[in-house]
Every structure is written in C-alpha cells, then in structure tokens.
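Q: Next come the chains, spelled out residue by residue.
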Amino acid sequence: SQQGEEDPQALSIQEGENATMNCSYKTSINNLQWYRQNSGRGLVHLILIRSNEREKHSGRLRVTLDTSKKSSSLLITASRAADTASYFCATEDLQGAQKLVFGQGTRLTINP
Amino acid sequence: SQTIHQWPATLVQPVGSPLSLECTVEGTSNPNLYWYRQAAGRGLQLLFYSVGIGQISSEVPQNLSASRPQDRQFILSSKKLLLSDSGFYLCAWSLGTGSNEQYFGPGTRLTVT
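Residue numbers (the numbering used here), protein chains in the order written: chain R, 238 to 349; chain U, -2 to 110.
Pulled out of the complex, with its shape left as it was, chain R reads as follows (with noise of 0.2 Å):
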C-alpha cells in the first residue's frame, strides 16, 4: 500500500524560489528518505532521517521530521532550473522487513 501522501501533487515556481514539499505517512517508522526522479530515469536518494531526528541538512535541501503528526517536509533553497524533478517521500516502518513505502510524488517545475 501507498503509505506516504505527498502535497502539492504539482508545483511551479520561478527560479531562485524556495520549493516546500510536504510528507504525511500513517505507521510508526524506523525512517523517511527523500528521492527525486528526473523524466523517465530511475529515482536518485536525496537525503534520509532517522526517527529520532528532526532536522536535517544537505546543500541546499533542509528536511524536517514531525514523528508526532506523522509528516515531513522538504525545503530546497534558491531553486535551479536543473532542480525540475519529481520528488517522493519513503518510509521505512518498524516491521518494514528492509522495504519502502513510496508516496505518490510531488512534479515540481522551475520557471526560468
């Protein structure tokens, strides 16, 4: 089952914006990671957080985890046309048996 719901579905924005896409998951988990897809590739691993984590940081991306209402976001600063991707929350949940539960993903367009 999908257990990550991503919002916006879509986002468009102009270059040298801030982009914020939101996560909201249902089961406890052991980690979220954050994949972006460009247009008929294969998905690449951004950035992960554990559990116990709340923030974290990798270049221009900031990540937050709210384990109490079940959501993340991910913030990308000073957005670039290349950063026009499609972007996907994973869990990983305590009886995850090794396996991730993908979101419906979120198109994010940078208007140059």
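These are computed hints drawn from the structure, not numbers from a lab. Please read all numbers here as calculations on a predicted model, not as lab measurements. Heads up, none of these hints are tricks.
Just some of the chain U residues that point at chain R, by a computed CB distance under 8 Å:
#, residue
1, 40
2, 48
3, 96
4, 98
5, 100
Glycine included, each C-beta is placed from N, C-alpha and C at the ideal position.
For this one, chain R is given, so just place chain U on it according to the hints.
A: Below, chain U without anything else, positioned relative to chain R:
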C-alpha cells in the same frame, strides 16, 4: 563503486507474450534487490524483493514472477502479458544492513499492445 544495470530500456510486447526483464548489480555482495512498477505520473508500487539468493517476497498478487538465480542478478518474468502490465519497471538495490537507502537502475519502459 557500485553500479546497477537494467535491460532492455524499452520494450513493446503483444498481449499474451512472455516477458523477461533483467537487473544486475556490480560492486557489492549480497545486496537486497527490489522490483517496482510505476504507472504514468504515479508513485512506485513494490512488486518483489529479495534478501538473498532464491529468497523472493511477493508484495502484490499479479501476473508476474521474480527470480534471483545469482547473488547480484534479479529477473522479472511473465508467462503471458496483460495490457495492465504496461508501465515503467524499476530495479533497485540496497545494503543488507543499515538504513535501507535504495539505489535505482535506469528503468524499463514496457508497453503491452
């Protein structure tokens, strides 16, 4: 470094024909291996995963099967394709321990006509 290969990149097959998609991983031993299907504009649906040779877990009852004949080889098969089998098929691997970050192949676009 590790690499993952999938082939073919695209495939057009008639309804009722067989299917074999192959995925191989280089540069690591005893990886976990995964097959996903992605419908257009949608998220990933986990089809099968394997934590070792000959060990296959099926997530969704369907027209497909998977096999792992060698440590770093994962094969997705069907005896008779259905129209509903069309989609983008992705193979991924992860280390057997740790946080289960997954690394994806380039995918196979399957169109059943």
